[in-house]
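Colleague: Here is how the chains run, residue by residue.
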Amino acid sequence: NAGVTQTPKFQVLKTGQSMTLQCAQDMNHNSMYWYRQDPGMGLRLIYYSASEGTTDKGEVPNGYNVSRLNKREFSLRLESAAPSQTSVYFCATFQTGTSYEQYFGPGTRLTVT
Amino acid sequence: LAKTTQPISMDSYEGQEVNITCSHNNIATNDYITWYQQFPSQGPRFIIQGYKTKVTNEVASLFIPADRKSSTLSLPRVSLSDTAVYYCLVGDLRGKSTFGDGTTLTVKP
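Chains as they are written, first to last, in my numbering: chain W, 1 to 113; chain C, 1 to 109.
Honestly, the hints are just simulated from the structure, not real lab data.
Just so we're clear, the structure is a prediction, and the values are computed from it rather than from any experiment.
There's no promise every hint is true.
Per label pair, the in silico range of CB-to-CB distance [unchecked claim]:
1) W:83 / C:40: 33 to 43 Å
2) W:57 / C:101: 17 to 27 Å
3) C:72 / W:20: 37 to 47 Å
4) C:66 / W:8: 17 to 27 Å
Just so it is clear, CB atoms sit at the ideal spot from N, CA and C, and this is done for glycine as well.
Chain W with its partners taken away, still in its complex shape:
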């Protein structure tokens, strides 16, 4: 089992470019999340999806869009990247009704110049 996978691992964008970060899980969990972590800071929730077909805003949704394509996949899109979006992006999964543990992917390190 791969757990939670994220692609790409690293990405450099120029201001104004767009890109999609991909997240996939093989744990059959209902909930999936996107966080960002700036240097020296904690993680901040961007968007989350409690189930396939539903998405909700977190603390810092501006500048991002998400898509819960199916139960396995949850993508994060930056339509027009800005230097303020330079960060490490983590995807996580959670299964309601069992342990309250979130399972994290390895992260995508994004730099916007």
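Fit chain C to the known structure of chain W by using the hints.
Modeller: Chain C alone, transformed into the frame defined by chain W:
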């Protein structure tokens, strides 16, 4: 969701017990508490969870008083490899949770 407050940093020595306290004054009735550990360039890793009283697993203990406005993570006999950032989270039953800024624990030889 309840905001969490933790000390920014703590120092300890190998073999000592470390207690990290988190304040979450606005915790709701159905919210739960979890703690995570994060090493540089890695995603957070789950340590322990609890709702009230005391929980113990193979790596840590979690103490939660009756009013649930705080929680304390206890790491027994820390080693150099326990140097990391520790996060306290308060989450609801949907799994939506808020990370604070974490506590950087430095274990010295």
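Colleague: Now, for every hint given, state plainly whether the structure supports it.
Modeller: The hints, checked one at a time:
no.: 1; hint: W:83 / C:40: 33 to 43 Å; result: violated, 23 Å
no.: 2; hint: W:57 / C:101: 17 to 27 Å; result: holds, 21 Å
no.: 3; hint: C:72 / W:20: 37 to 47 Å; result: holds, 41 Å
no.: 4; hint: C:66 / W:8: 17 to 27 Å; result: violated, 47 Å
Of the numbered hints listed earlier, those contradicted by the structure are 1 and 4.
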